[in-house]
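K.L.:
Chains as they are written, first to last, in my numbering: chain A, 83 to 179; chain B, 109 to 594.
Source of the hints: derived by calculation from the structure; they are not laboratory data. Computed from a predicted model, the values in this text were never measured in an experiment. Note that the Cβ used here is the ideal one computed from N, Cα and C, for glycine as well. Don't take each hint at face value.
Derived CB-CB ranges, DEER-like [as the list claims (entries may be wrong)]:
no.	chain 1	residue 1	chain 2	residue 2	range
1	B	G447	A	N130	53 to 63 Å
2	A	V124	B	T293	38 to 48 Å
3	A	R109	B	S261	19 to 29 Å
4	B	D188	A	N97	37 to 47 Å
Now the stretches of chain B that chain A is said to cover, found in silico as 3 or more residues with beta-carbon under 8 Å [unchecked claim]:
no.	stretch
5	211-222
6	234-242
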Amino acid sequence: MKKVNYRLRLYVAGNTPKSLEAFANLRKICGDYLEGQYSIDVVDLLKNPKLAKGDQIVAIPTLVRRLPPPLKKIIGDLSDKEKVLVGLDIIDRGPDD
Amino acid sequence: MVAKSRNMARKMMSELPKCPSGIQGLDEVTFGGLPKGRPTLVCGSAGCGKTLLAMEFLCRGAVKYHEPGVFMAFEEREEDLRENFASLGFDLASLVKHKKLVIDYVYIERSEIEETGEYNLEGLFVRLASAIDSIGAKRVVLDTIEALFSGFSNETILRAELRRLFRWLKDRGVTAVVTGEKGHTLLTKHGLEEYVADCVIFLDHRVTAQIATRRLKIVKYRGSKHGTNEFPFLIDTNGISVFPTTSLLLSRNVSSERISSGIKSLDEMFGDKGYYRGSTILVSGSAGSGKTSFGAQFVDSVCRNGQRALYFAFEESEGQLSRNMKSISINLKHWIDKGRLKIVANRATLCGLEMHLVMAHNAVREFKPAIVIIDPITTLTGAGIEDEAKLMIARLLDFLKNNDITVLATDLTIVGENGEATEIGISSLCDTWIKLSMETQGHGRMRRITIIKSRGMEHGLETKDLLITDNGLEIKDIPGSRENCT
Numbered sequence: 083m084k085k086v087n088y089r090l091r092l093y094v095a096g097n098t099p100k101s102l103e104a105f106a107n108l109r110k111i112c113g114d115y116l117e118g119q120y121s122i123d124v125v126d127l128l129k130n131p132k133l134a135k136g137d138q139i140v141a142i143p144t145l146v147r148r149l150p151p152p153l154k155k156i157i158g159d160l161s162d163k164e165k166v167l168v169g170l171d172i173i174d175r176g177p178d179d
Numbered sequence: 109m110v111a112k113s114r115n116m117a118r119k120m121m122s123e124l125p126k127c128p129s130g131i132q133g134l135d136e137v138t139f140g141g142l143p144k145g146r147p148t149l150v151c152g153s154a155g156c157g158k159t160l161l162a163m164e165f166l167c168r169g170a171v172k173y174h175e176p177g178v179f180m181a182f183e184e185r186e187e188d189l190r191e192n193f194a195s196l197g198f199d200l201a202s203l204v205k206h207k208k209l210v211i212d213y214v215y216i217e218r219s220e221i222e223e224t225g226e227y228n229l230e231g232l233f234v235r236l237a238s239a240i241d242s243i244g245a246k247r248v249v250l251d252t253i254e255a256l257f258s259g260f261s262n263e264t265i266l267r268a269e270l271r272r273l274f275r276w277l278k279d280r281g282v283t284a285v286v287t288g289e290k291g292h293t294l295l296t297k298h299g300l301e302e303y304v305a306d307c308v309i310f311l312d313h314r315v316t317a318q319i320a321t322r323r324l325k326i327v328k329y330r331g332s333k334h335g336t337n338e339f340p341f342l343i344d345t346n347g348i349s350v351f352p353t354t355s356l357l358l359s360r361n362v363s364s365e366r367i368s369s370g371i372k373s374l375d376e377m378f379g380d381k382g383y384y385r386g387s388t389i390l391v392s393g394s395a396g397s398g399k400t401s402f403g404a405q406f407v408d409s410v411c412r413n414g415q416r417a418l419y420f421a422f423e424e425s426e427g428q429l430s431r432n433m434k435s436i437s438i439n440l441k442h443w444i445d446k447g448r449l450k451i452v453a454n455r456a457t458l459c460g461l462e463m464h465l466v467m468a469h470n471a472v473r474e475f476k477p478a479i480v481i482i483d484p485i486t487t488l489t490g491a492g493i494e495d496e497a498k499l500m501i502a503r504l505l506d507f508l509k510n511n512d513i514t515v516l517a518t519d520l521t522i523v524g525e526n527g528e529a530t531e532i533g534i535s536s537l538c539d540t541w542i543k544l545s546m547e548t549q550g551h552g553r554m555r556r557i558t559i560i561k562s563r564g565m566e567h568g569l570e571t572k573d574l575l576i577t578d579n580g581l582e583i584k585d586i587p588g589s590r591e592n593c594t
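Looking at chain B on its own, in the form it has when it is part of the complex (with noise of 0.2 Å):
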């Protein structure tokens, strides 16, 4: 008996119904989205995104789910949010309009209110039921509720209220994200939590080394499993978006697929087929030593074959970048006109690391390549510190991995350093390394090229000659080397 109720209360668990919030990355996060017709608090201190977290749950719901909203506004007035989420790309009036959303700002001012005797919040009631009611609504937004202490002073009555009204929301079975003030022992300044008992998300604003970054964590979510890690957000134009801590999924289809890299003479080194798609590439070489090329040459055959390519460029500009190419007979400037290429091109110090990853992620999401050049992926240690930076590379990889994406990075290896210890380590997170260097020969400096290492593939073993040509690289062995190596 005592076994069946365990498994049945584990059958519930492995339920509980989701609401999907549609914000970037925060329904993977919490695997699903929100409790379904229960509260969730968000809290966080004053400009951390609590209300663009709700007021976007609620648009999302109401354009992609088809779940209108009530959003109740104690602290902005309707036409103040409708000018702040403008600009955040919420069209709130053509919501309101449609019958998609209703504002309702409740003001409370305790100066122009006497109290005298005992009192409920039935008025709270008849107005969110009566909300509610006028459009439908499934989704509800409580911003924040804790205005409410300012407004009364008797604190027995507005506690046993707001108990009443989340049990009234449960009771509803409308899906409700209550924002709270972050206090100073508690997570809320008046101890919200207490009645959220299903969900609560933390949202932090903080800056480390100069760099301005947003967290969310999901300090619990009942019944659920959910990310413990903190995960950078970013707000822009298109609201929020987390970047979720994409483990490498390993149920994932590993292709055994082959791209050829754009150079024969290297594919033949990879036993004549080429990289594995999905995999890892990284290219590490000391200044000169032709790593650019070496991309810009994997993305002119990726467009050949009619595919898409990302390019991360944060050294060069997209002019500069396609000049320089042209003097080695690859035309970046007409994939781009194809539409085939798109170069992003940052300073990598111009935004925290973590705002260049989901920037990343969005870019990757709108342009959906087939490969991603990175180059080089160690400025962006610079951007962040250097532990953080590793974790944050990590991340990045595996969401590109997890989504069959081939990526190309480049690294700057420093002459003289020791040889196989990449700046950031970032070595062991690829599938394949090949390592370019530049060796005084005689009267010149020639260019070699050496795979280190390559999982799962045979490849070749001796370290080549690499030529820039007018025509592009070509890899050849170097002479007399052949004997020494057999």
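Next up, chain A with everything else stripped away, as it sits in the complex (with noise of 0.2 Å):
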């Protein structure tokens, strides 16, 4: 398998409940399938509301992949860990999805 680098970047507001727990579920993901080949950036947007215009955020949490091309952005508490694995190209959509 190619190796190939992911850069996320997760936008929160604030330490709220339900980033934290986004949080947690999006490192216990990469922890299990991207193992040495990610990274993870975590934007506070109250404390860098400008941020927010830049990567169209409207929803939070949004979880976006940076890299590698195309830009890819998942909403919510990342609880559902197969849409996550899709919704990043990590592994293939489903036959019914």
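Hints are included, so try docking the two chains, each in its own frame, into the full complex.
P.N.:
This is how it looks when you write it as structure tokens:
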């Protein structure tokens, strides 16, 4: 398997339980599937509100896959592991999805 | 106690603070503007002018009232908005540069977003708050927030967030305009009216008798009186102009001042003084009876006194009119060059009646004339449905009256028709009614003039001869009629 570097960014707004949960879910998924080939940075929009415009953030939390292209967005607490994996193109879309 | 609280409620209602939109006519029909610090919903079908109304609200606010604004666009990109509004005379780029306006384009594409688990729209709140804070905005537009419904699939979350958003806007104390597309059964596709309880404005664009008219209706305005009619409005190079139903203000100052008709012998028939200033004079007569000359003579006299006259010509062009009037020694061109006369010549069928009236409205506001000539008022009926035409003409006359402008309207009566029935029955709206007629006498035809009515002043009752001479109009007793009359 070709080694791809995933650059992920998680947008949150303050340390809410939902954003902490999303971050924990993301860490777990990445640890399980992308060992050694990912980086995550977390942007708190309450501290950097101007960054919301650039990536067209509306919903919180939003996970953005900045690399590899194309740009992908996943919103929500990332509790559905399958959907996150599909959304990040880590596994293929199932036949009924 | 109950009575006391009721009184308080009434007091609060009467003092509901308003935010002037600055849009021509809109503040009149809403008695002062939109509810200050609250959201207003503007809805209507595609192309009805929602976005324009919303943007104009911000531009006028920024320029006229020093209230910066935030435009959150969900449908058009900033560049597109800039281009579209440049054609309407709004320089958005300059407003943005001077920190009077922020445009934030919110792009949502469902196919690019995967939803997993719960989320909220805090990102939107953060963006809005940051935009508001960056320029100290007092006004906010969300155009149209319904785009969120196609961007997110979880409607439960969305509705809860919308409710939160409107509450948040109120808490921030910004005056907001939220637009929404017309739905089949609801005012808006997704029932935004449920969240915006204070003020709802509906825009409509429809075609009747092949003439397109735009209309505005205030569906509700909590805690404020408002006009319940549909008000025609116009979109032109000045943006939106709403034509209010200016009901005749009974409180207005009625003038007892007189203004000369420009014909000495006619002034004599009105107790030697002429018309009342601010009154409406109807001059009816058959073709060729001298109606236009009558109007031109009035214009000439007013201009001579250093005042301004506005002439709406629906049958003749400016050049034609000046040439024809020259033959009776009235030099209209001279007054045009001096800036005292403005002739607005248009074919009545050029556009809808509302359009005419709004244009008239704007011309009056710009030129500030002392008198207005409408020649002939009857052609306007051709530009609309008869009942509507009458209503519109009444609105126009009332508007002019409220501004203390003397109006002389001519009206073509068809020969052989019942004498006192003017074509659209506008005689009741007029204060003075002068009838011109042609009578066959011996081997020639004579022009005759009769004052049928003149409210509140003594006036001659006898019919007289009207002579159109090289030196203008003259009125003479019909030879031998004195004895008959007295």
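K.L.:
Need the list of violated hint numbers for this structure, in ascending order.
P.N.:
Nothing - there is no hint that the structure violates, so all of them hold.
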